[in-house]
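Protein chains in written order, with numbering that gives the first Met the number 0: chain A, 0 to 226; chain B, 0 to 213; chain C, 0 to 263.
Worth double-checking, as some hints may not be accurate.
Simulated pairs of lysine-lysine, DSS-like, Cα-Cα distance not exceeding 25 Å [as the list claims (entries may be wrong)]:
id	chain 1	residue 1	chain 2	residue 2
1	A	Lys129	A	Lys117
2	A	Lys117	C	Lys128
3	A	Lys129	C	Lys237
4	C	Lys205	C	Lys42
5	A	Lys219	A	Lys117
6	A	Lys129	C	Lys131
7	C	Lys205	C	Lys81
Covered stretches of chain C (chain A as the covering partner; in silico rule of three or more C-beta atoms under 8 Å from a C-beta of chain A) [to be verified]:
id	region
8	26–32
9	110–116
10	119–133
Hints in this document: simulated from the structure, not taken from any laboratory.
We put the CB at the ideal spot given by N, CA and C, even for glycine.
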Amino acid sequence: MSYEFDFSFINDYMPDIWYGIWLSLGMTFVSIVPGFALGTGCAIGRLYGPPWVQRLVTIYVEGIRNTPLIIQVFWLFFGLAVLQIRVGPFPAAVIALVINVGAYTAEIMRAGFQSIPKGQLEAAACLALKPSQSLWSVQLPQAVERVYPALVSQFVLMMLATSIMSQISAEELTGVAYMIQSFTFRGFEVYLVIAAIYLAMACLLRLTLLGIAQVSFPRKRRLGTSL
Amino acid sequence: MFGLTIEQLAFIFRGAGWTIVLSLLGFVGGTLLGLPVALARASHNRGLNWLSGAFVQLIQGIPLPVIMFVVYFGISIGGYDVPALVAAGIAMTLYSSAYLGEIWRGCIQAVPKTQWEAGECLALTNTQRFVYVILPQALRIAVPPTVGFLVQIVKNTSYAVVIGFFDLTYSAKVINNSTFMPFTVFTIAALIYFAICFPMSALARRFERRLTRS
Amino acid sequence: MNATSKINTTTASAIEASSMTNATPLVRFEGVRKSFGELEVLKGIDLEVKTGEVVALIGRSGSGKSTALRCVNGLERINAGKLTVCGRDLHNGNVDLRELRQDVGIVFQSYNLFPHLTVEQNVTLAPRKVHKIGAAEARTLAGEVLAQVGLSDKAQNYPEQLSGGQQQRVAIARSLAMRPKLILFDEVTSALDPELTGEVLRVIEKLASEGMTMMLVTHEMAFARSVADQVVFMHHGKIWETGTGDMLANPQTPELRQFVGNGL
Ligand SMILES: Nc1ncnc2c1ncn2[C@@H]1O[C@H](COP(=O)(O)OP(=O)(O)O)[C@@H](O)[C@H]1O
Ligand SMILES: [Mg+2]
Numbered sequence: 000m001s002y003e004f005d006f007s008f009i010n011d012y013m014p015d016i017w018y019g020i021w022l023s024l025g026m027t028f029v030s031i032v033p034g035f036a037l038g039t040g041c042a043i044g045r046l047y048g049p050p051w052v053q054r055l056v057t058i059y060v061e062g063i064r065n066t067p068l069i070i071q072v073f074w075l076f077f078g079l080a081v082l083q084i085r086v087g088p089f090p091a092a093v094i095a096l097v098i099n100v101g102a103y104t105a106e107i108m109r110a111g112f113q114s115i116p117k118g119q120l121e122a123a124a125c126l127a128l129k130p131s132q133s134l135w136s137v138q139l140p141q142a143v144e145r146v147y148p149a150l151v152s153q154f155v156l157m158m159l160a161t162s163i164m165s166q167i168s169a170e171e172l173t174g175v176a177y178m179i180q181s182f183t184f185r186g187f188e189v190y191l192v193i194a195a196i197y198l199a200m201a202c203l204l205r206l207t208l209l210g211i212a213q214v215s216f217p218r219k220r221r222l223g224t225s226l
Numbered sequence: 000m001f002g003l004t005i006e007q008l009a010f011i012f013r014g015a016g017w018t019i020v021l022s023l024l025g026f027v028g029g030t031l032l033g034l035p036v037a038l039a040r041a042s043h044n045r046g047l048n049w050l051s052g053a054f055v056q057l058i059q060g061i062p063l064p065v066i067m068f069v070v071y072f073g074i075s076i077g078g079y080d081v082p083a084l085v086a087a088g089i090a091m092t093l094y095s096s097a098y099l100g101e102i103w104r105g106c107i108q109a110v111p112k113t114q115w116e117a118g119e120c121l122a123l124t125n126t127q128r129f130v131y132v133i134l135p136q137a138l139r140i141a142v143p144p145t146v147g148f149l150v151q152i153v154k155n156t157s158y159a160v161v162i163g164f165f166d167l168t169y170s171a172k173v174i175n176n177s178t179f180m181p182f183t184v185f186t187i188a189a190l191i192y193f194a195i196c197f198p199m200s201a202l203a204r205r206f207e208r209r210l211t212r213s
Numbered sequence: 000m001n002a003t004s005k006i007n008t009t010t011a012s013a014i015e016a017s018s019m020t021n022a023t024p025l026v027r028f029e030g031v032r033k034s035f036g037e038l039e040v041l042k043g044i045d046l047e048v049k050t051g052e053v054v055a056l057i058g059r060s061g062s063g064k065s066t067a068l069r070c071v072n073g074l075e076r077i078n079a080g081k082l083t084v085c086g087r088d089l090h091n092g093n094v095d096l097r098e099l100r101q102d103v104g105i106v107f108q109s110y111n112l113f114p115h116l117t118v119e120q121n122v123t124l125a126p127r128k129v130h131k132i133g134a135a136e137a138r139t140l141a142g143e144v145l146a147q148v149g150l151s152d153k154a155q156n157y158p159e160q161l162s163g164g165q166q167q168r169v170a171i172a173r174s175l176a177m178r179p180k181l182i183l184f185d186e187v188t189s190a191l192d193p194e195l196t197g198e199v200l201r202v203i204e205k206l207a208s209e210g211m212t213m214m215l216v217t218h219e220m221a222f223a224r225s226v227a228d229q230v231v232f233m234h235h236g237k238i239w240e241t242g243t244g245d246m247l248a249n250p251q252t253p254e255l256r257q258f259v260g261n262g263l
């Protein structure tokens, strides 16, 4: 067997590849903040909310965590289409990602909140802080600091998961790859290149998120401790 | 039933069967390859350590659908027309072994250092120490996260849909295309996935609680 | 009376406190009982703390000292009797704990500083959030209270950069920043090495001399004897013996005699 590798497609399709990268990273960055907010809200609801909120959050978290993302995406995208609600593939992808990553973030943040020593809450209460003030100024920063590495991993996984969004014709990087291979019949080379690009994007995202931590956790920066 | 014919439901369940088959393939393959990865990651041999580390980083930095495609097209450049099951099975093996290897490395290293030293006092060889002292303890620690990862395996087999593997996701998509009842069809699919995954999630949590209590 | 004569201070709280009549004590326990499930921990406590007074609670571990202290700022709810703190009846259910805690500070054995905030932020968090003071005022306030505990130069440090004794002094400053009428100290030196204990005790001593009203649980007998106006020996959930510091030199009950014998 002899196989001639041919990577010449890279030149021809560079603009498409860039567009795919742009779309993949775009989906990721747009989803991070709302996904984190949703997850944190759910964690708080599950820890401190009234029983019905706790139950609702549990159902949401367990439902999402025990079913594949792709089924959630299909459910949402084709479901909205049947309901005659016109949502483009990109917004649909972002909505699905936010709902999905929110459930995972909820579990991570719940662990973060629970790992805070009880003395911290007592101290905040004894200083006459309201529960909401204690949550916002005392608990949330400490919880985020404690679970930050897990959050970073979660968001990197989310970025990798955007690769199925071409299934609902959001032409992100993997979708672009499919298009290129269908024209060039160079599937192996195309996906090798795409794999390398994802690898680079994963590194980039990780570094960016860790960089954000360096800026937003002054204590760690000052003390030089790594996260 | 639910507006679907018995045949359509049976079709979906046939897909579910293949999801389980692929999950088992992924777990067995992932275990066979993941064990050496874990040992190499935990070993003090520089070369092995680096190599296994690079493998884990590589797999964990590439989306599983892309791994599926690479394997699928990689095999077919030899001129072979492989069944999607084989390509998906290999991809799931690569994927699972990287994550399981990393999980198990953590378990091996979580066994306290003093245990190694205790083994030393008993004049055991390195291998004996590992097999009789470290491994049994590491295994105990490894059960909850391994069961937890099984859930990931089952969910992630759904990505094999990109290379046309006939599984639960694929069959649901086909039925949806012919019935235009996405809520019904994908809710049924989701419920089947949930029925497989949730008990394992709950079990993993139970194991974990038992472990932390002891 | 001696409480008023002791006041020679500039702290606002003490001036405010001194204007209260001595007829109404800041804290009054009347037959206070407290149980955790089946276990009765306080079995009828009667105690008064007057403005400007320093009361030391001593006794064996498990005798109910912390519980008594924690009832005063509402961390524990009493089951029976009457407990009045800064003019509020804690035994009737609808007392506003947040209002109460603006008047009653507490310092814990384990400091409980907020690790993600600088010393200055630790000290000013509550005044800013609760009293809604501005940034400039907060900075001045931090300067004042940190000077009181001798840590003016540590304002920009994080708690983990400080020694245990310094952290505990920051915790005291954090309490002072709320301008409380009363501060509770629960074994604040028990987690400290002997050489660090002294610096914290000196701060408390200084606060006492400035007229701050304080209730403190302590195992430092010499300190209790020299600083406290009233020493309370608790035993099995009851006040077993009470008196001035000299009581420790001349115990009336065998229990206190034995306790002091071990303690000194
Ligand atoms: N939250 C609680 N729940 C149950 N029992 C408690 C609680 N807090 C204290 N106790 C019990 O009450 C008794 C008195 O405790 P404490 O007031 O802390 O004593 P001290 O401070 O004098 O050592 C002890 O037996 C302790 O175990
Ligand atoms: Mg105590």
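Hints, one by one, checked against the model:
1. Lys129/A <-> Lys117/A: holds, 16 Å
2. Lys117/A <-> Lys128/C: Holds, at roughly 21 Å.
3. Lys129/A <-> Lys237/C: violated, 34 Å
4. Lys205/C <-> Lys42/C: Distance of about 33 Å is beyond 25 Å: violated.
5. Lys219/A <-> Lys117/A: holds, 22 Å
6. Lys129/A <-> Lys131/C: holds, 13 Å
7. Lys205/C <-> Lys81/C: This hinted pair is violated, its Cα atoms lying about 32 Å apart.
8. 26–32: violated (count 0)
9. 110–116: holds (count 5)
10. 119–133: holds (count 4)
This entry does not satisfy hints 3, 4, 7, 8, going by the numbered hints stated previously.
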